[in-house]
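The listed protein sequences correspond, in order, to chains Z and U. Quick note, the first sequence lines up with residues 1 to 367 if you use the working numbering. Quick note, the second sequence lines up with residues 1 to 114 if you use the working numbering.
Please keep in mind that the hints were generated in silico from the structure rather than gathered at the bench. Honestly, I wouldn't trust all of these hints.
As the list claims (entries may be wrong) - Just so you have them, the derived chain Z footprint on chain U, three or more residues with Cβ under 8 Å: (1) 8–22; (2) 27–37.
To be verified - Non-contacting residues of chain U with respect to chain Z, defined by C-beta distances greater than 12 Å in every case (computed): (3) A46; (4) P92; (5) A98; (6) E103.
Said to hold, decoys possible - Listed next, with one range per pair, are the computed distances between beta-carbon atoms: (7) U:R67 to Z:D325: 53 to 63 Å; (8) U:D66 to Z:S107: 37 to 47 Å; (9) Z:D16 to U:D66: 32 to 42 Å; (10) U:L77 to Z:D19: 12 to 22 Å; (11) Z:D207 to U:D57: 24 to 34 Å; (12) U:R107 to Z:T188: 51 to 61 Å; (13) U:V97 to Z:D150: 53 to 63 Å; (14) Z:D325 to U:A53: 24 to 34 Å.
Since the model is a prediction, treat every value here as computed from it, not as a measurement. Heads up, the beta-carbon is just placed ideally off N, CA and C, and yes, glycines get one too.
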Amino acid sequence: MAHLLDRGTPDSTPTDALDVVTACEVDLLAGRVDRWMVPGPRVPHGVAARAQVLAGRPSAARALLDDAPPVAEWSPRALASAAWAISRVGSPRLAEVESALDTAGSSDRFLYEGDVPLGPTDSFLGILVAAAGELDRGARCLRAAAAVADERSPSWGAQVRHELVRVLLDAAVDGDADASAERDSMRTMARMFYVSAGYDHQRERLDAVGSPDPGPRASAGCGILEPGPRWTVGFGVQPPVTVRPSKGLLAIHHLIRHRDRRVPAVELDAVVQSGAEPGLAALRTVIDRAVECGGEDDLRVLLHDDQVRTRVTKLVRRTIARIGDEHRRLGDHLEAMVETGYSCAYVGDRIPWATGPAAVDDRAGTS
Amino acid sequence: MILHVAISDEWDAAVAAGGPYDRSTIGVSLAEEGYIHCSFPDQVAATAERYYAGRDDVVVLVIDPDRLDAEVRVEDLMGTGVEFPHVYGPIPVAAVVAVEDVETAARRPRSPLG
Numbered sequence: 001m002a003h004l005l006d007r008g009t010p011d012s013t014p015t016d017a018l019d020v021v022t023a024c025e026v027d028l029l030a031g032r033v034d035r036w037m038v039p040g041p042r043v044p045h046g047v048a049a050r051a052q053v054l055a056g057r058p059s060a061a062r063a064l065l066d067d068a069p070p071v072a073e074w075s076p077r078a079l080a081s082a083a084w085a086i087s088r089v090g091s092p093r094l095a096e097v098e099s100a101l102d103t104a105g106s107s108d109r110f111l112y113e114g115d116v117p118l119g120p121t122d123s124f125l126g127i128l129v130a131a132a133g134e135l136d137r138g139a140r141c142l143r144a145a146a147a148v149a150d151e152r153s154p155s156w157g158a159q160v161r162h163e164l165v166r167v168l169l170d171a172a173v174d175g176d177a178d179a180s181a182e183r184d185s186m187r188t189m190a191r192m193f194y195v196s197a198g199y200d201h202q203r204e205r206l207d208a209v210g211s212p213d214p215g216p217r218a219s220a221g222c223g224i225l226e227p228g229p230r231w232t233v234g235f236g237v238q239p240p241v242t243v244r245p246s247k248g249l250l251a252i253h254h255l256i257r258h259r260d261r262r263v264p265a266v267e268l269d270a271v272v273q274s275g276a277e278p279g280l281a282a283l284r285t286v287i288d289r290a291v292e293c294g295g296e297d298d299l300r301v302l303l304h305d306d307q308v309r310t311r312v313t314k315l316v317r318r319t320i321a322r323i324g325d326e327h328r329r330l331g332d333h334l335e336a337m338v339e340t341g342y343s344c345a346y347v348g349d350r351i352p353w354a355t356g357p358a359a360v361d362d363r364a365g366t367s
Numbered sequence: 001m002i003l004h005v006a007i008s009d010e011w012d013a014a015v016a017a018g019g020p021y022d023r024s025t026i027g028v029s030l031a032e033e034g035y036i037h038c039s040f041p042d043q044v045a046a047t048a049e050r051y052y053a054g055r056d057d058v059v060v061l062v063i064d065p066d067r068l069d070a071e072v073r074v075e076d077l078m079g080t081g082v083e084f085p086h087v088y089g090p091i092p093v094a095a096v097v098a099v100e101d102v103e104t105a106a107r108r109p110r111s112p113l114g
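Given these sequences and hints, build the entire structure.
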């Protein structure tokens, strides 16, 4: 027998008279978060974390995930909601939750709390795997989940495709044309259902996927490289992490900021040696002096300094490898999109980036 | 003393009605939850930051447990290893001995209940 969640129109369904699990799922699908933000007997930590993410409070969500009891004690709805929250804000508990989900599904590959359906097990696994930076595997899980979802009802199919759109958007950013076509098809199918069935909140969320407008933080297809006492770095569906400042980060930050041109290695060297943008002023002085004293030949020598080229290339490549250790998606993306040599460039020209305030603090580059 | 982070309008409404106060936590009634979420002074800042950040309509009710009819239990209901005080019934307005901001309430000494 079909459950309310198989056919419901969450935005217009009153939840006061529903059982707590169904009420919670319906409310969160409709973006009504107020009753579900604080953990208690009705609200497991994972559910509260999901509500906090929906409320735009990623730090609170992460703290709730950190504080939650051992994963082995979590209910299926706590696991499902935590998986969704982790896919948006990240958590050191990702692997634990993935492992628990792997064995939590029923024989029809659906996850239930009592008799309340929560979604195809593979959809939760898929978003977690993608959040760990494994796009291909994540997409495979979500495609499998879509097949399971379609057998049950169109509402589940739309929700799974919604998640698949995020993952495929990231894959398309890497230049995968097939991913672009599949993403567009998935988006159309999910959107048609949301519009026809009155899932207004979900439709708005789907429309925001890949939109540079709301800000690229933790968004599919967008990057983040923000300076600070610890830098915030991230890319696409894998949530951002923080890393300690370094000269290499300054160099990559400079490349992304100046993606409209190729940046001479000597310019990057000046930026990282001075620790910030003021290095450019020093570089301009050097170039001006070279032109004044010897003209173009001296300038050519300056721009083709092998020692500088080698130093900058090693710095940038080593930094990208380190970033990849902390954030697989960003590492992979930068590996593909950053060119090094006598001149360097970031060539991902259509990708929105959050790079922080205009001037980088001098203290940022310390190692 | 134990503390409860409240939305000022909800507290004002309880006072205007002559009490009691029966909200459990943000968006949730006592009837739904079964108890009212409270904190000790050393916990209240983190509670407010986690669940009420960004709101400018938050007050902290300072509750004298001796003036409550309801039972107060200090317990770790969620299995997180941290105990919080919970009030298992409505809070009479007269049991609230002060209404403070979070910073002030957080400086209070911890209740013997803890």
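query = Within 51 to 61 Å or not, the Cβ separation of U:R107 and Z:T188?
reply = holds, 57 Å
- Kindly confirm whether 24 to 34 Å is satisfied by the beta carbon distance between Z:D325 and U:A53. holds, 32 Å
Cβ separation of Z:D207 and U:D57, checked against the hinted range 24 to 34 Å = holds, 31 Å
Status of U:A46, Cβ more than 12 Å from any chain Z Cβ
violated, 8 Å
Distance restraint hint 32 to 42 Å, applied to the beta-carbon atoms of Z:D16 and U:D66: Holds, since Z:D16 and U:D66 (Cβ atoms, about 35 Å apart) stay within the stated range.
Annotated coverage of the segment 27–37 of chain U by chain Z, confirmed only when three residues or more have a Cβ within 8 Å:
holds (count 6)
Assessment of proposed distance window 37 to 47 Å (beta carbons of U:D66, Z:S107): Cβ of U:D66 to Cβ of Z:S107: about 56 Å, so the range 37 to 47 Å is violated.
Task: Beyond 12 Å from each Cβ of chain Z, as asserted for U:A98 - done: Answer for U:A98: holds, closest chain Z Cβ roughly 23 Å.
Check your understanding: Counting residues of the segment 8–22 of chain U whose CB is closer than 8 Å to a CB in chain Z, do you get three or more?
Key -> violated (count 0)
Beyond 12 Å from every Cβ of chain Z: is that where the Cβ of U:E103 lies?
Correct as stated: the minimum Cβ-Cβ distance to chain Z is 19 Å, above 12 Å.
Against chain Z, does U:P92 hold up as non-interface, every C-beta pair farther apart than 12 Å? Holds: least Cβ distance 22 Å, greater than 12 Å.
- Query: Do the Cβ positions of U:V97 and Z:D150 conform to the proposed distance bound of 53 to 63 Å?
  - Reply: holds, 60 Å
The structure fails hints 1, 3 and 8 (numbered hints given earlier, in ascending order).
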